[in-house]
Amino acid sequence: MITKLNHVSVFVLDQESAFDFYINKLGFKVHTDASMGPGMRWLTVTPPDQPDLEISLMAISEGMMFKGDTAEKMRELVRSGTFGFGVFECNDLNATYEELKAKGVEFSKPPTKEFYGYEALFKDDSGNWFSLGQKDAA
Amino acid sequence: MRVVRAKLYIDTHFSRPIDLDNIADEACFSKFHFARLFRTIYGKTPHQYLTEVRVERARNLLAEGSTVAAACFGVGFDSISSFTGLFKRRTGLTPAAYQREALERQAAIEAQPAAFVPNCFAENHGWNE
Numbered sequence: 002m003i004t005k006l007n008h009v010s011v012f013v014l015d016q017e018s019a020f021d022f023y024i025n026k027l028g029f030k031v032h033t034d035a036s037m038g039p040g041m042r043w044l045t046v047t048p049p050d051q052p053d054l055e056i057s058l059m060a061i062s063e064g065m066m067f068k069g070d071t072a073e074k075m076r077e078l079v080r081s082g083t084f085g086f087g088v089f090e091c092n093d094l095n096a097t098y099e100e101l102k103a104k105g106v107e108f109s110k111p112p113t114k115e116f117y118g119y120e121a122l123f124k125d126d127s128g129n130w131f132s133l134g135q136k137d138a139a
Numbered sequence: 002m003r004v005v006r007a008k009l010y011i012d013t014h015f016s017r018p019i020d021l022d023n024i025a026d027e028a029c030f031s032k033f034h035f036a037r038l039f040r041t042i043y044g045k046t047p048h049q050y051l052t053e054v055r056v057e058r059a060r061n062l063l064a065e066g067s068t069v070a071a072a073c074f075g076v077g078f079d080s081i082s083s084f085t086g087l088f089k090r091r092t093g094l095t096p097a098a099y100q101r102e103a104l105e106r107q108a109a110i111e112a113q114p115a116a117f118v119p120n121c122f123a124e125n126h127g128w129n130e
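Chains U and S, in that order, give the protein sequences. The numbering used here numbers the first residue of the first sequence as 2 and each following residue consecutively. The numbering used here numbers the first residue of the second sequence as 2 and each following residue consecutively.
Treat the hints as calculated values from the structure; they're not laboratory data. Note that beta-carbon positions come from the ideal geometry of N, C-alpha and C, so glycine has one too. Incorrect hints may appear among the rest.
Pairs of lysine-lysine residues, derived as DSSO-like cross-links and limited to a Cα-Cα distance of at most 30 Å, are as follows [stated by the list, open to error]: (1) S:Lys89 / U:Lys102; (2) U:Lys68 / U:Lys136; (3) U:Lys114 / S:Lys45; (4) S:Lys32 / U:Lys26; (5) S:Lys45 / U:Lys104; (6) S:Lys32 / S:Lys89; (7) U:Lys102 / U:Lys68; (8) U:Lys110 / S:Lys45; (9) S:Lys45 / U:Lys124; (10) U:Lys5 / S:Lys45; (11) U:Lys74 / S:Lys45; (12) S:Lys45 / U:Lys30; (13) U:Lys114 / U:Lys124; (14) U:Lys124 / U:Lys74; (15) S:Lys45 / U:Lys102; (16) S:Lys89 / S:Lys45; (17) U:Lys114 / U:Lys104; (18) S:Lys32 / U:Lys110.
Listed next, the stretches of chain U that the computed footprint assigns to chain S, with coverage defined by at least 3 CB atoms under 8 Å from CB atoms of chain S [as the list claims (entries may be wrong)]: (19) 69-83; (20) 117-131.
Full structure from sequences and hints, please.
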C-alpha cells in the first residue's frame with residue numbers, strides 16, 4: 002500500500018536561478034543541496050508547511066537522462082511554458098498574490114473565481130506554471 | 002494591501018530593531034486591528050511572525066557556521082538568553098545543538114552525496130557510476 006508522495010521533480014533551466022526563485026521569492030526551504038560532481042547538483046526544496054515533500058529542482062542537462070538533442074528540446078518546452086507542475090495552496094490568495102507580485106513573480110492569471118475554486122496562475126523563473134489556490138475558498 | 006506591505010517590511014528589515022506599533026501606525030491601523038488582520042491572513046501575530054523570520058534566518062546562519070552570538074545579534078535579537086529560549090521553543094534544539102547537527106549533516110552530504118539522493122534519480126543521471 003502506497004502511503005505518501007515524498008519527492009517530485011520540476012525541470013528547470015538554471016538551478017542557481019531556480020534556487021533564488023523558490024527560496025527568496027516563494028519562501029520555500031532548502032532540504033538538500035548536494036554537489037554530485039562537476040556540473041551535477043541534487044537540490045531539493047520544500048514548501049514552508051510541508052517539510053516532507055521534497056521538490057527536486059532538476060537541471061536539464063545532457064547525459065544519461067537527456068540523450069542526444071532531447072535536453073535542448075526539453076529546455077525549449079519548459080521555456081515556452083508547456084508544463085504545469087502542480088497546485089500550491091495558501092491561506093489568503095489576494096494577499097499572497099500581492100506579495101509574490103511585489104517580489105517580481107509573473108502571473109498569467111490574477112486571482113479569479115472559478116467553479117472549482119479561487120485560483121491564480123504563476124510561472125517560475127524557467128517557465129513552468131503552477132496554480133495557486135486558496136484553502137477553504139467558497 | 003497594507004498588511005502585505007507590513008509583512009514585506011518585516012521580511013526585509015527583520016535584522017533591525019522593529020517597532021511593530023510603528024508598523025501599525027504607518028499602515029494607519031490601530032495596533033489591535035492590525036494584529037487581528039495580520040493574523041487572519043498569516044495565521045500568526047506580527048510579533049510571532051517576526052520571531053519566526055528571525056529564527057529561520059538564524060538557522061541558516063548557524064548552518065553556515067556563524068557563532069551563536071553572531072547569529073543572535075545578526076538577525077535582530079538583543080539577548081542571547083532570549084534568543085536561545087525562542088530558538089529552542091521553535092526548533093526543539095538549542096542553537097549550539099542545532100548547529101552541531103546541521104554541520105554534521107553537511108559534512109555527511111559532502112562525504113557521500115549519493116546517500117542523500119533516491120537511487121532512481123541517481124541512476125537516471127548516471128551518478129552511481
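request  = Starting from S:Lys45, check that the Cα of U:Lys104 is at most 30 Å away, please.
outcome  = At roughly 21 Å apart (the allowed maximum being 30 Å), U:Lys104 and S:Lys45 satisfy the hint.
Can the restraint linking U:Lys102 and U:Lys68 be considered satisfied, given a maximum Cα separation of 30 Å? Distance of about 37 Å is beyond 30 Å: violated.
For this session: Starting from S:Lys89, check that the Cα of S:Lys45 is at most 30 Å away, please.
Result: It holds: about 19 Å lies between the C-alpha atoms, which stays within 30 Å.
**Item:** Given hint S:Lys89 paired with S:Lys32 - CA-CA distance at most 30 Å
**Value:** Roughly 28 Å between the alpha carbons, so the hint for S:Lys32 and S:Lys89 holds.
Are the Cα positions of U:Lys74 and S:Lys45 separated by 30 Å at most?
violated (45 Å)
Handout entry: Straight-line alpha-carbon gap S:Lys45 to U:Lys102, limit 30 Å
Key = Status holds; Cα separation ~22 Å.
- Query: Can the restraint linking U:Lys114 and S:Lys45 be considered satisfied, given a maximum Cα separation of 30 Å?
  - Reply: It holds: about 26 Å lies between the C-alpha atoms, which stays within 30 Å.
Fill in: Verdict on chain S covering the segment 117-131 of chain U, where coverage means 3 or more residues with a C-beta closer than 8 Å
Since 0 is below three, the answer is violated.
Mind checking, does the segment 69-83 of chain U have 3 or more residues with a CB under 8 Å from chain S?
Coverage by chain S is violated here, the residue count being 0 at a Cβ distance below 8 Å.
Measure nothing beyond the straight line between the CA atoms of S:Lys45 and U:Lys30; if it is 30 Å or shorter, mark the hint as holding. Between S:Lys45 and U:Lys30 the Cα gap is close to 19 Å, so the pair holds against 30 Å.
Has the given pair, S:Lys32 with U:Lys110, been kept, meaning a C-alpha gap of at most 30 Å?
Since the Cα atoms of S:Lys32 and U:Lys110 sit roughly 34 Å apart, the hinted pair is violated (cutoff 30 Å).
Discussion item. Between the alpha carbons of U:Lys124 and U:Lys74, is the straight-line distance 30 Å or under?
Written reply: Since the Cα atoms of U:Lys124 and U:Lys74 sit roughly 19 Å apart, the hinted pair holds (cutoff 30 Å).
The earlier numbered hints that this structure contradicts are 1, 2, 7, 11, 18, 19, 20.
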